[in-house]
Structure formats: C-alpha cells, structure tokens
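Residues per chain, in single letters:
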Amino acid sequence: MSEAVLRTQALRKNFGSLEVARDISLALPRGCRHALIGPNGAGKTTLINLITGQIKPDAGTITLEGEDITAAPAAARVRKGLTRTFQINTLFPDLTPLEAVTLAICERERVAAQFWRGLASQGAIVDESIAILERLGLGNAATRATRTLPYGQQRLLEIALALATRPKVLLLDEPAAGVPKDESAMLFDVIASLPDDISVLFIEHDMDIVFRFATQIIVMVSGGVLLEADPQTVRDDPRVREVYLGSSGHG
Amino acid sequence: MTSLDSANQKPHAWLARQSRWSPLEIAFWLATLLPFYFFPTYLTLASQIAITALFAISVDLILGYAGIVTLGHAMFFGLGAYAAGLLSVYGWGEPISGLLFAAAIAGLAGWLASFVIVRVQHLALIMITLGLGFLTYELANAMTWLTGGTDGLRGIRTWPIFNYFRFDLWGYTAYSYSLAALFLGFLLSRRIVNSSFGLALRGVRENVRRMPAIGSDYRRHLQKIYVISAAIAGTAGGLLAQTTNVVALDALGFQRSADVVVMLILGGTGRLYGAIVGAVIFLVARDQLAGINPQYWYFWIGLLLMFVVLVMPKGILGGLASLAARWRGRG
Amino acid sequence: MIGQIAIVLFDGFAFGMLLFVLSVGLSVTLGLMNFINLAHGAFGMLGGYVTVLAMRQLGLPFLLALPAAFLTAALVSVVFERTLFRRLYKAGELNQVLFTIGVVFVAAAVATYAFGTVQQVIILPSWLRGSVEVFGLRLGVYRIFLIAIALAVTALLVFGLERTRLGAQIRAAVDNQRMAQGLGLDVERIFAITFALGSGLAGLGGALAIEIVGLDPSFGFHYLVYVLIVVAVGGLGSITGSFVGAALLGIGDVAGKYFVPEIGSFLIYLLLVAILFVRPLGLFGKR
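Line by line, the protein sequences give chains U, G and V. Just so we're on the same page, this note's numbering is the position in the first sequence counted from 1, plus 148. Just so we're on the same page, this note's numbering is the position in the second sequence counted from 1, plus 10. Just so we're on the same page, this note's numbering is the position in the third sequence counted from 1, plus 95.
No lab work stands behind these hints: they were computed from the structure. Worth double-checking, as some hints may not be accurate.
[Claimed, not checked] Computed list of lysine-lysine pairs in BS3-like fashion (alpha-carbon distance at most 25 angstroms, straight line):
(1) Lys228/U <-> Lys204/U
(2) Lys228/U <-> Lys324/G
(3) Lys316/U <-> Lys228/U
(4) Lys352/V <-> Lys324/G
(5) Lys329/U <-> Lys204/U
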C-alpha cells in the first residue's frame, strides 16, 4: 500500500462523561475509497468533525501529507486539501450552483477578496466551475437558485462544492442521505469516477453500496474503531454481525 | 460541438447579465437631475436625500449583502460628520480633502470596531452595534470642548469646490456635490457587489457555516466590508457637515441608525437601488407629513414595518421584481 | 462617604431589581425560541398604564393594581404571540427586530394618543411612602418593597423551573429544542405559556417602575435598552444571569450617574461592549 495522505494518531474527544472518540488511529492512503460504517451514535460524524476542525480533539494528532494540522483552523485545512461534505445540506440557498461553485474556486485561488474586479471577467474560474457542474450533471441547473433545486441535485451540489476546493482528501458524510436507492447508486458512480489521486472516506448506511464501492471498511462502535479491514473480512466478522444484527447495546 | 459551446456560453452570459447596466438604471440616474429643473425649491431636501441614500448604501453593504445586522451605524456617519466639521473649524475648509479625511477617520473606527463585530452573532451582535453607537454618542456628548455638545458643532465654513463652485443658498452646489458623491459611492458599491468579493459576502449571508468548509477565511471578508462600509458612511456624514455647516449630536443618534434600517427594509435589502428608493420614499414622506406630530409619524412607520415584514419581506423593489417576474412568466 | 456609598449601593440594587423583573421574561423567551422580541419593553409600558388606569378610574388599591398589570400584559402578549410573532420564529433576526420595533413604535403612538406625552404619577399607599432608618442609613420604603418583590419573583421562578412539571419542560426546551420535541413535548404550547408569563412579569415591572422612573410613551423604547443589556450580559435563558446582570447594571447606572455624572452612561456602554467582547454569550450564557 502506498504512503498515507491523512493520518490520525490516538484521537480522543469527550463530551462531558461521554466518550465520542476513543484513541482513533487511522491512515488513508492516496487514492483510497474507504467506507466508515457503524450504528447510529457510534461517532462517525464526530470523527469527521474532528478531522476537519469543526471540533477540537482533547488529545491526539492529525497529519496531512506529513504536516501536523491538529491545531489548524477548519478553513486552513480545506486550503491544504482536506475537504468534507455535510450529511444535512449545508448550501447557499439564494445563490445559484454556478455562483456557489465559482465562490469556492475563488476562495481556493485566493481571489475572493478582490472587490475591484468584476466576477464576469474571471473567465478561467467560471470555465472550471461550469466543468465541475457538468461533471456532476448539474449543467442545466447552473443558473437556478439552489433552494429551487430538487433534493437529489442539492446533494450533488454538496459534492460539487467540495470538488471545487481541489481536495486531496475528501470526507463524505452520508452523501446519499435521503436520496432514493436508484439515484444513490448514480451518485456513488460519480464518486467512484473521481480522479485517482483523491483519497475518499465516506459514511454510508446502505451495505450494498458500501460493499460495492469501498476497497477498505472501517467499523466504528461507541466512539472507537472496532475493525478496519477489506470488505470480505468485514462481512465475515462475527463482531460486526453482532453490532448490526444482534443486540448491540450501544445507543 | 457548436451546440456544446453555446451551452457553455450560457452561464457566462448569465453571469455577465447580472452586472450589466440596464436602460432602467440609466433612466434612474438621469431622473436624479430632474430636481434642478422641476423642483428648484426642494434642492436642499434633494441634497439631504442624496446624503441619506449614500448612508443607506453603506448599511446595505453590510446588512443586505453580508448579513451583519446593525443598529449602530450612525456611529460612523457621525464620526465622519465631526471629522469633516472639525477639520473646517480648525482652519481647513477644502471640501474634497475634507471628505477623504471623514472617510479615513470613520474607516479607522470601523477597522477597530470590526475586530469586535466579527466575533459575535445574533443578539450579542445587535447589542454590540447598539452599545458602540450609544458609546460614541455619550462620548461626543461628554466632550463638549471638542464637539460643542448639545449645542452642536458650529463655525464650519466650507470653501468652494475646486476653489470655484460656491455653496449657494438655494442648494444648487450642495445637491450637485452630494449627488456626485452618491453616484461615485454607488459605482464603487456596484463594483463591489458584482465582484468575487461581493459573491463571498453573499455566501456569508446565505450560510456562514459552509464558508470555512470551502476554505474561506470569512472573518477577514467581514472585516474588510465593515471598514469599507464605515468609510462610506463617514463620507455621507462629512457631506452633511459640509453642506449644512453644522453638526448636531443627532448625527450619531440611535434614531439615525434605526431610520436607515427602516429605509433599507422599505426599499429592499441586498439591492443597492433598494437603499436609494427607501431613502427617497422615507424622506419625502417625512417632509410632506412634517406638519403632524412626530409620534404619529412613527405610528405609520411602525405599521409599515410590520406590514412589510409580514407581507413583503423583500421590500418594495423586491416585491416589484417578483411581480414583474410573475407577469413575464405569464406573458 | 461610606454612608453615601451604601446608599448608592442600596438604590442601585433596588433599581437593578426593577430591571430584573422587567427583563427576566425576555431572557427566558429568548433562550427558548431565539425570538428577539424588542416589544418586551412595550408590554412593560402596558402594565404601567393599566396600573394608572386601574388606580385612577377603578379606584383599585396599588396592591391589587399590580396583579391586574401582570394579567393584562400576559393576556395581550399571548394574543400577539399566537397571531403574529409565531410567524416570525423562523424568519431571521432582522425581520424579528424590525417587526417588534414596529410594534414598539405603534405602542408608543397609541399611548401618546390615549394619555398624551405627560409623565404619569400614581399615589402610593401611605405605608409605602417615606423612609426608614436602618443602621443609620435612611432607606426608601418603596425600594425595600421593590427588592422584596424581586426576591419573591426570583424565588418563585427558581422554584417553578426546578420543581414543577412545566418548569422541567421549559428547561428541557431551552437546552435542546429538537430533543424536547422528539420527547413529545408540545414546544409551541410551552412557549405560549412562557411568553405570557414573561410578558406578564414585564407588565408587573412596568407597574413597579412608575414610582421610580416615571411613565410616559417613550417607556417601551427607553427601557428596552436596559432590558437588552441585562439579557445580553446575563446570558440567554439564565435566571441567575439576569439577576446578576440586572444588579450590576442597576448599581453601575446609579453609581455612575451619582459619582461621575458627566460620563456615567458612557461607562455602562463601555462595560457592555467589553463584556460581550470577552464573553459573546454573556456572563452565564451557555450557547
């Protein structure tokens, strides 16, 4: 396996007496397609929040391409290439997809603060924005207000915004949450066809999709990593079966 | 291939359309010249309106575009007014440098305040803007030796513009001067809102939580627009001092901060013409109704506010725009 | 000098207790629904005018006029809440601010129309007038009465929130509205009741305020600023916070105006900005 792009070392977080992250050590290799699974309340979203800087860990370190980013602000991590999407749509309701993606590219190119230059004159950026939207099948919706888009297209826009930051590591928090099954397969086809140099970690509940798209699966239970292995091993592991089928006892 | 190209051009064309000058806009600015010919007795009022509209634009930049609710922006208007006024009282009455001085002082105060502003949200933000506004007012009230206190700052003498155009009794020069300043301020604001920076501000307004997730250091954006807005508000204040030759404490008052928000809501926030239209309607109505008790003036303002919030949340211009869109959709 | 300081502390504390009664309702409703109700002071003004009317027209004694003020403000507020305010809970703070400021404007105009702009006075029963000497200090009887009422209100609120079913529901809803809804609590009903109680307390505060600060149509506006300072400094939804904030503001205001009259109010606002800069959520605020 090639070198790890993102690495967490003994990451720990407590909310009061509740342990939401217990000594989590992970390594994501370049170009990986890892799935993060576990029952509700296992701490999957919390882990993404910790890695991307929405929450500060109590202990442990996070490194991106060998650089310690444990203390870096969330926005700085994104600029270094560590990007996430949200389980609940976190979009700009009154902007059009074209504007939203263009904004993300402007931030990446550090031109968002230029107040003297008209947006329409940023030709290359707008071209890239259009290309991203077309890749996700949003080309026809580019100039409609986000809040008027169907839900499935809004989920795609979540991913488009993340891609616009040119991520090295992409953390997808239930990208297909709330999307009908046939559409969610299409959504994951898009994810599977992302460039090979992007490392992807996604949270997903639908086991069919997980086994189809993930090359490696991380199983979390009550704040800790239960198991990290290839799909076949996970499928056969009795503990995983118990967590999902038996009385897990974890809320 | 050609069809794909034209499909690609569509978003470009759409973006370009967002910032193009429409014939309606050009007609609007031509109409601002009408008072010279048709209402020469109202030029003083017209000048007040131009000044207030510039102030309203400054508030729209932070409130309508960046989503920072403020109830204390008169602070910067008043600071600009006192800055320009004091410069003249102490012997330098050249108007244009006076305006730049007013903008610089207000901008500096805005820069200092911006460190507080970007730290807080919701009620705390409203309270901080309110508190800073009252703070400045009380300070000016206490420093009678400098500001003249409740008597107002007197003895301002403004030299002719370009050493040629004298300020006349009828307000020809005053209105021309204020209108020119408004137009320049408008051009600058228009540039800002149509830039990538303006887009970033709308992003903050629409969803501040997403901004860090697309790598945006949005607090710096907010600080920057706050300074620009404060400088424009200071310019408006400086204009008032120079065209009326007096600065009263109410230049800093809460009333002015609240009135300007009312104007924005009336006209429609997040659109620069909303600020101008709101200022025109508000000041003309107040001028026409000046005879009646001010308490009843605020009765109607109060009813209007409740009505606009419940029925036309996007203001008069926003309401007209959606009516027009519906009409077009039908036609 | 020490006597002066003691008197200023006493007067300031009494004023603070008045501010506490006026503002604690807003703190709880803001913490509950995040609804910025700038009309809270207007309900205080309503209570004031109800008291004046009840005593002058109906000849009610002061002690009976107080509950009348509470009840009227509570009833009127719940009508407003059910018909108008609840449409704005999801409307964004700017719309809430503007709408409720509109209510304040209209209320002030109506009060002017009905009562004129003159300061209203009421005649207190004789046992509330004058002063008593305690440890060589002359303390106003009415101010002692005010402190006693405020402490009683605090005790009732704390008891009500800690020990009753409704109190437990309110606390749950303040802490986490989604979870409260998930548990099957009728958050809307809880809020309507809380809103009525909070506005009723404002009405009571308005009634109590007449003797201390007077009553005219600008009351709703003028004391709104004080009320907001108390809420913001204390922290949303915190009774302790409102109590401490109100006491601090009352003492600070009276002391400032007594010892440094030139810059008294300036110091208050400076303190407000400084506190919110260091603690944007207020002294006792949790979120």
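With the threshold set at 25 angstroms, check whether the alpha-carbon distance from Lys352/V to Lys324/G stays at or below it.
Not OK: Lys352/V and Lys324/G at ~43 angstroms, beyond 25 angstroms, violated.
Is the Cα-Cα distance between Lys316/U and Lys228/U 25 angstroms or less?
8 angstroms, holds
Just to be careful, I want the Cα atoms of Lys329/U and Lys204/U compared with a cutoff of 25 angstroms; is the pair within it?
35 angstroms, violated
Does Lys228/U pair with Lys204/U here, judged by a C-alpha cut-off of 25 angstroms?
OK: Lys228/U and Lys204/U at ~18 angstroms, within 25 angstroms.
Assess, step by step, whether the Cα of Lys228/U is no farther than 25 angstroms from the Cα of Lys324/G, and give holds or violated.
39 angstroms, violated
The structure fails to meet hints 2, 4 and 5 from the earlier list, while all remaining hints are met.
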